Amino acid sequence: MTVSVQIASAIILLVSVVSSKPALNVVRRDAEPDTSGHMNLRAQLIEEEMKLRLGGNLVLNEQEQMVNRLLLKEKRAIIERSRLNKTTYYPALSFYKSKKFVESTNIYQIIKKMPKGAALHLHDLAITSLNWVVKNVTYRDHVYMYYDDKGFVHLGAFDTPPADNPWELVKTLRAKAPDAVMFDKNLLNNISMLSSDPLEMYPTINLVWARFDKYFEQVISLLFNADIMRDYYRQALVEFKEDNVQYIELRAILSGFTVLSGTTHDAEFGLNIYKQVTEEFVRENPDFLGAKIIMSGLRFFESSAIKESVKVAKTLRQKYPHFFAGYDLVGQEDPNNPLTFYSATLRQASKELPYYFHAAETNWQETDVDYNLVDALLLNTRRIGHGYGISKHPKLMEIIRERKIAVEVSPISNQLLGLVSDLRNHPMASLMASGYPVVISSDDPGTWEAAPLSHDFFMAFMNLAGKETGLAFLKQLALNSFEYSAMNRSEKSRAKLLWTSKWNSFILETGLEQDLDMKMCVDDNRYKYQGLTCSQATTESSANVCYVKEVATACCRSCTMRWTGMLACEFGDRDKTMCGQDNACEQSANICCDKCADTRKTTSRSTNSQARTYDVSALVLAVISLIVQCCL
Amino acid sequence: MFLQVLLFLPVMSTWGIPTWYQDARQSFIDEEKAMRVGANLVLNANEQLVNNFLMKLKNETIQQSIWTTTPYPPSVSFFKSKPWIDNSTIFQVIKRMPKGGVLHLHDSAMTSLDWIVKHLTYAPNLYTRVTNDTYPRRRYQKNDTHPGNDWRLVSELRSSFSDPNDFDKQLVKEMSIWVEDPFVAYPSINDVWKKFNTYFTSVNDLLNNLTLWRSYIEEAFREFYNDGVQYMEIKTGTMFDSHGNDITGDYMEVIQNVTSSLKQRHPDFIGVKVIIAGRRSLPRQEPMVNRTLALMKRFPGLVIGFDLLQQEDNTHVTVDYIDDLMKNGHSVLPYFFHAGETDWTQWVDLNLVDSVLLNASRIGHGFAAYHHPKVLEAVMKKGIAIELNPVSNQVLGLVADLRNHPGAFLIANGAPVVISSDDPPVWFANPLSHDFYMAFMALGSVHDDLRLLKQLAMNSITFSSMSSAEKVDAYTKWQNRWDTFIHDIIVKYKLSTDNSVIG
Chain A
1 MTVSVQIASA IILLVSVVSS KPALNVVRRD AEPDTSGHMN LRAQLIEEEM
51 KLRLGGNLVL NEQEQMVNRL LLKEKRAIIE RSRLNKTTYY PALSFYKSKK
101 FVESTNIYQI IKKMPKGAAL HLHDLAITSL NWVVKNVTYR DHVYMYYDDK
151 GFVHLGAFDT PPADNPWELV KTLRAKAPDA VMFDKNLLNN ISMLSSDPLE
201 MYPTINLVWA RFDKYFEQVI SLLFNADIMR DYYRQALVEF KEDNVQYIEL
251 RAILSGFTVL SGTTHDAEFG LNIYKQVTEE FVRENPDFLG AKIIMSGLRF
301 FESSAIKESV KVAKTLRQKY PHFFAGYDLV GQEDPNNPLT FYSATLRQAS
351 KELPYYFHAA ETNWQETDVD YNLVDALLLN TRRIGHGYGI SKHPKLMEII
401 RERKIAVEVS PISNQLLGLV SDLRNHPMAS LMASGYPVVI SSDDPGTWEA
451 APLSHDFFMA FMNLAGKETG LAFLKQLALN SFEYSAMNRS EKSRAKLLWT
501 SKWNSFILET GLEQDLDMKM CVDDNRYKYQ GLTCSQATTE SSANVCYVKE
551 VATACCRSCT MRWTGMLACE FGDRDKTMCG QDNACEQSAN ICCDKCADTR
601 KTTSRSTNSQ ARTYDVSALV LAVISLIVQC CL
Chain R
633 MFLQVLLFLP VMSTWGIPTW YQDARQSFID EEKAMRVGAN LVLNANEQLV
683 NNFLMKLKNE TIQQSIWTTT PYPPSVSFFK SKPWIDNSTI FQVIKRMPKG
733 GVLHLHDSAM TSLDWIVKHL TYAPNLYTRV TNDTYPRRRY QKNDTHPGND
783 WRLVSELRSS FSDPNDFDKQ LVKEMSIWVE DPFVAYPSIN DVWKKFNTYF
833 TSVNDLLNNL TLWRSYIEEA FREFYNDGVQ YMEIKTGTMF DSHGNDITGD
883 YMEVIQNVTS SLKQRHPDFI GVKVIIAGRR SLPRQEPMVN RTLALMKRFP
933 GLVIGFDLLQ QEDNTHVTVD YIDDLMKNGH SVLPYFFHAG ETDWTQWVDL
983 NLVDSVLLNA SRIGHGFAAY HHPKVLEAVM KKGIAIELNP VSNQVLGLVA
1033 DLRNHPGAFL IANGAPVVIS SDDPPVWFAN PLSHDFYMAF MALGSVHDDL
1083 RLLKQLAMNS ITFSSMSSAE KVDAYTKWQN RWDTFIHDII VKYKLSTDNS
1133 VIG
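Heads up: the protein sequence lines correspond to chains A and R, in order. If you read the first sequence in our numbering, its first letter stands for residue 1, the second for the next number, and so on. If you read the second sequence in our numbering, its first letter stands for residue 633, the second for the next number, and so on.
No lab work stands behind these hints: they were computed from the structure. Careful: at least some of the hints might be erroneous.
Calculated pairs, DSSO-like style, for lysine-lysine (alpha carbon to alpha carbon, straight line, at most 30 Å) [to be verified]: (1) K100(A) <-> K1013(R); (2) K51(A) <-> K1013(R); (3) K97(A) <-> K712(R); (4) K351(A) <-> K275(A).
Predicted model only: the values in this text are computed from it and were never measured.
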């Protein structure tokens, strides 16, 4: 190895194209002439790396740039404060310690309002706030509880509670308690993992997982009641929508729901609970896109049980192709069965059943569990849950980039469940620095009192991205969440349209709220384009009129609302009729830039970096001139 | 290391997995394995015996922490894990292993604190006082007359203890950054650095003349040699006597003399080279660069280049000194910059970019390198070795669980890396063995074996600043010791093919 490295050292690294752009963020004496070469190369290298980062290819319009500057200003201030005062950097601390600080920042408030797209990695029993569970569910009839020998509360809903444990009605106990408010508070603290600092309370992974599993034991008898789950899930949708999430994909066990009489139901019954609630919710909230279910088997099941559950999953997938997205295996990976253990069954079903496997949620390198990554990829997984170990697998990283298999990253979960302490050490930061396909999710926010998605987005922004990485990163994460979702093509394009208009109003509203000196652009009321007013002319299906300079200028606001942010595809396909044809992408991929986004991406990757740099800068110029004409 | 995989393949095929699946799986795994540091080495029969022995122990430690709530030593603070590590057989083996050279080491933090206290604080007329700060700073001063009110004679203080050893133990503890609970004592990286800096104040007070330096250096080289280190590249500043005269040249001569006398006593000691280091708190580096140039001329083969040190997070970045570091568009000196010893991204870590562009010979720490795809590309292509100091990075607050150390990523990619120890006595680490232990147990994968350790030792020679001829000589000296080591381990642990197969 060493010999080849040294031979390779003769190869000159840098492209000798000298860019004339000034260095970023460097305050220094004027360069003497003999160092200007260095400074140019430096600026060029830094810029190249900026482009490689997640979101590095997005172009921000003027309004977005204002919000970007606002975000970066505070981000830099928080980082600088830690540097100059030599104090703790709070965002990287244990979530237990950082939560209050996080919520006090302006960045968090902005992220909360930001339409974040989809949360793609969530678990059925840990998505709704515990506060709601305590204040709503435990106030119902038939809800019982008892304390186990370790002092943990277990909740359950029964007609008559089983005799195995000293179940008592919560209502009765609350009435007996000296202070009902205190009673509720204790109940919440008893269930929540955030009542103390998990990083200090549970110093090893196995200890913290024992506590985490305990959470599920505490609530399972309660939430597997069909009526309660209906409300619990509905409340989850309410909370996700309030947190400005437009769509979710939920890992759910599905089978085993009971009703008070004691009947236990099958997976299809369970699926229909989620389906009915989702449909009803979407009817009432047309700006929410819905949900899909990923059925989860458990990693400690016998292979015969997994075989059975895969069979059920296949049937459900056939019967509910739009709602039932696929299959996964859940539970702590380290001590349980690796995927290879079930791979005969899983492989046989892999043609009909899309997989969304958890893999390498571990700190170990090259254990069977780490190699779950290999099996997941061989079994054609659509995404990878956690994939914490993947940064140590250069070949697998190549594959996920090529095949566009996104890694679902849940920063707070990884921290609280003992994989990483300072979140800046999260290995996914390196994947994001190189623009690998990544989405941010929240795993089990209900367990540790996190917001549905905002806290995790905040952590990604402040810890997994660099000091100079701003709004484009967040926007790309939102875009990724649709791109890598289980939605089909038409669902995706609908989702993107809805999200785009939400995003653009978010930008405008943030500008107003934050009192930014935005040169707000407005529509010219007298202007008519082919007899239509600006808002009539620029509907979702006719956004391409904004490519006409005159329209972009006169209908500044309307066109801003149609801004997609895609490079060289700022207002979607350029010719709606032509792009409606099936073979459009072979003929005119550049005109049908939205429809053929996938094709275009593949080709651009295969061109060399020099050509790409040229290409990009020319387009950036074109876009900037458009913005200048449109918005100034 | 393939043994385990091979063992369960036949079992898997009974579960009905087709051969092509197994082949595809295995080829993924093999392809990645072939990229890892050490993958190209082939072990001879004796080495395999030692390897099997070592891997059995490693596997036991790992299995224990997977299946029980026992913490994995590298996953907790070194202050907690050190006693566990010291008691382990793996560590005993690594201690005896010839580890090649140590390439990232600061000259005022080389010798065990016990030695420093026992030999330097017993000087007559040595006064001391403690200045109040967040972390008390102990000052020393040798003086014929009493220097002032708050100064006390060390000898008096010591005699006030019923057992003078207790006093010495207290001094040792004060000098180190060791605490029971580092997360509580040092809530942030800046706190631990504040404490860390007090060590240098005390030690520089004690090492205030060349005679003392000479005995200190002698002890340091002895300790490193006994820890299996045959070659050292040490970082030093310039040295002044009490009248303000630059005596760095005399200091270099001391280093040369001590080295050659050690080589006489131990012909397999390879040698010592020196890197002159400027301080990042200063506004310019030109005087230091010029002094380094002069020293390189006066001591060719001994003084090899220039570095910049101090906590990177809150001092000058490399590019601030660009006018001093470059002349006529070229680097003035061979550089060995500390760069990217930080948790921040897109900021001080850009020192990495300057290191690459200034043609640095190696990169110190490079902790942030894996956030920089272009820097990594250069590191791989140009063969710029990254000096990893795992224990230092942990105790100085960059990373908690060492399995998250970015070095793991570099090793998986077969990047040019060397293992070093930075300032080992300040946290009671052995000269190099604890860092090698961490590389083996935390940065390497669960299957990385003796080949990783051997490659790391060889890398320390390959990426040193020795000339080709010196390297050839160094390899021979190291290889001889390596063969002896393998033989010794086989004898000591009575290894034979029968009882050392992986369980």
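* Asked: Hints broken by the structure, by number, lowest first?
  -> Checked against the structure, the only hint that fails is number 1, while the rest are satisfied.
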